[in-house]
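Once you have looked at the hints, place chain B on chain A.
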Amino acid sequence: MATAAARDTAGSQAYDAPAGADDTAGHARAFDAAVAADERIEPRDWMPDAYRATLVRQIAQHAHSEIIGMQPEANWITRAPSLRRKAILMAKVQDEAGHGLYLYSAAETLGASRDELLDKLHSGRQKYSSIFNYPTLTWADVGAIGWLVDGAAITNQVPLCRCSYGPYARAMVRVCKEESFHQRQGYELLLALSKGTPEQHAMAQDAVDRWWWPSLMMFGPPDDESQHSAQSMAWKIKRHSNDELRQRFVDICVPQAESLGLTLPDPDLKWNEERGHHDFGAIDWSEFWDVLKGNGPCNEQRLTRRRQAHEEGAWVREAAAAHAAKHTNGETGAVRA
Amino acid sequence: MTHTDWPLWEVFVRSRRGLSHTHAGSLHAPDAELALRNARDLYTRRGEGVSIWVVPSSAVTASSPDEKDPFFEPAADKPYRHPTFYEIPEGVRHL
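Residue numbers (full-length UniProt numbering), protein chains in the order written: chain A, 1 to 337; chain B, 1 to 95.
So here's chain A without its partners, still in its complex pose (with noise of 0.2 Å):
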């Protein structure tokens, strides 16, 4: 029996080597037996480093997406037309702090610390996705965003309920539940808009205008030029190619675009009967390649932002953990059930 670090989701003591294993060669066996046989790895077992490094860097990312995501909405949850639709916003909003959460402890599980993660964050040193150093200029962006940016979130996100690595599929299949409200909510929000007047109308028009190509982009770089794919992968933590994932999520959006009664701005969107897909036009890479390297219309303002709001929140967390130090030991809100 180990003690300490029971941690299904969580905990910095990842694993815990059994004593005198110094067996690497029987443990990469396992380790790649069980990613053949579609089993989870779990945080205590063993693995390779690389294979923790891909997690650690993959998960944080997304977390940090998620944080940062909620700002380019909340900028409108004040001018937000109706008490429905702040309402509605506000859920979403907080959906995605907490979708942020859920991430950073899967890579909690590997070892990687709270406090690191946001100093790296903070610091530069770890991305997020590059779609949220977009501006979100009119309403109809808040409808745009729900319905590109989150539809393309899920697009990448559902495979990833089947990743190799248990906490992150777990955390995925939790964000995906919530997810489908989010991306709900922005086409209903565009609809009415789009059957709106035509100053309304043109509105969502230009918000889809300028969402599209960056949703596109939200796939990452063409399988060819994509440096970490291939290893992701052969251990499982991804499912499906970055070109795979566009064109499922690019066959899914023009129908529903039709619905909406708007246009994809992409003159060589066409259906393709040979392919069985649609094909579509060229995708403008150094403009996704310039705004990852903070060149972006807001990556000044997003990181800003958020250096800012958590050091706004220092009082908050400081009076907690004084409320805590003074209260150990003493009676807690907690009641046996």
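The reader is advised that the hints may include incorrect statements.
[Claimed, not checked] Listed below are the simulated EDC-like cross-link pairs for lysine to aspartate or glutamate, each with C-alpha atoms no more than 20 Å apart in a straight line: (1) A/Lys86 / B/Asp5; (2) A/Lys177 / B/Asp41; (3) A/Lys326 / B/Asp5; (4) A/Lys195 / A/Glu178; (5) A/Lys120 / B/Asp5; (6) A/Lys127 / A/Glu300; (7) A/Lys120 / A/Glu300; (8) A/Lys127 / A/Glu116; (9) A/Lys86 / A/Glu178; (10) A/Lys236 / A/Asp251; (11) A/Lys270 / A/Asp209; (12) A/Lys127 / A/Glu287; (13) A/Lys293 / A/Asp119; (14) A/Lys326 / B/Glu33; (15) A/Lys177 / B/Glu48; (16) A/Lys236 / A/Glu42; (17) A/Lys270 / A/Asp243; (18) A/Lys195 / A/Glu258.
[As the list claims (entries may be wrong)] Derived DEER-like restraints, expressed as beta-carbon distance ranges: (19) B/Arg40 / A/Ala30: 37 to 43 Å; (20) A/Phe181 / B/His94: 46 to 52 Å; (21) B/Phe72 / A/Asp284: 52 to 58 Å; (22) B/Asp69 / A/Ala91: 43 to 49 Å; (23) B/Gly18 / A/Asp251: 42 to 48 Å; (24) A/Ala30 / B/Asp77: 18 to 24 Å; (25) A/Ala30 / B/His82: 23 to 29 Å; (26) B/Val92 / A/Ser180: 26 to 32 Å; (27) A/Ala37 / B/His21: 27 to 33 Å; (28) A/Glu225 / B/Phe72: 23 to 29 Å.
[Claimed, not checked] Among chain A residues calculated to face chain B with C-beta under 10 Å, some are: (29) Trp46; (30) Gly98; (31) Glu108; (32) Gly111; (33) Arg125; (34) His323; (35) Ala324.
These are computed hints drawn from the structure, not numbers from a lab. For every residue, glycine included, the Cβ atom is placed at its ideal position computed from N, Cα and C.
Quick look at chain B alone, frame taken from chain A:
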């Protein structure tokens, strides 16, 4: 930047009466009371629970992660503990 190092808590949620509490995930909080509140906000935003337990992660004692752990061996060679071990003539009912 201030670092907090709040302890980690494991969260267990009873989805409805009649079911047991099930592990939902984990979170950081300075004390049990805030852990409960955070757990409510994080894991029951859509009515997923009627009761929550929070347990300091450090209080959990676990068996070894190795599936071939001899700890579980006593159960491996006793198929006669399962009803399917026994052959019953066809037609015998309610057995």
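Going down the list of hints, with the structure as the test:
no.	hint	in the structure
1	A/Lys86 / B/Asp5	violated (34 Å)
2	A/Lys177 / B/Asp41	holds (16 Å)
3	A/Lys326 / B/Asp5	holds (16 Å)
4	A/Lys195 / A/Glu178	violated (27 Å)
5	A/Lys120 / B/Asp5	holds (16 Å)
6	A/Lys127 / A/Glu300	holds (13 Å)
7	A/Lys120 / A/Glu300	holds (15 Å)
8	A/Lys127 / A/Glu116	holds (14 Å)
9	A/Lys86 / A/Glu178	holds (18 Å)
10	A/Lys236 / A/Asp251	violated (24 Å)
11	A/Lys270 / A/Asp209	holds (17 Å)
12	A/Lys127 / A/Glu287	holds (16 Å)
13	A/Lys293 / A/Asp119	holds (19 Å)
14	A/Lys326 / B/Glu33	holds (13 Å)
15	A/Lys177 / B/Glu48	holds (12 Å)
16	A/Lys236 / A/Glu42	holds (14 Å)
17	A/Lys270 / A/Asp243	holds (17 Å)
18	A/Lys195 / A/Glu258	holds (13 Å)
19	B/Arg40 / A/Ala30: 37 to 43 Å	holds (39 Å)
20	A/Phe181 / B/His94: 46 to 52 Å	holds (48 Å)
21	B/Phe72 / A/Asp284: 52 to 58 Å	holds (56 Å)
22	B/Asp69 / A/Ala91: 43 to 49 Å	holds (44 Å)
23	B/Gly18 / A/Asp251: 42 to 48 Å	holds (44 Å)
24	A/Ala30 / B/Asp77: 18 to 24 Å	holds (22 Å)
25	A/Ala30 / B/His82: 23 to 29 Å	holds (27 Å)
26	B/Val92 / A/Ser180: 26 to 32 Å	violated (49 Å)
27	A/Ala37 / B/His21: 27 to 33 Å	holds (30 Å)
28	A/Glu225 / B/Phe72: 23 to 29 Å	violated (47 Å)
29	Trp46	holds (8 Å)
30	Gly98	holds (6 Å)
31	Glu108	holds (7 Å)
32	Gly111	violated (13 Å)
33	Arg125	violated (14 Å)
34	His323	holds (7 Å)
35	Ala324	holds (4 Å)
Checked against the numbered hints listed earlier, the structure breaks hints 1, 4, 10, 26, 28, 32, 33; every other hint is satisfied.
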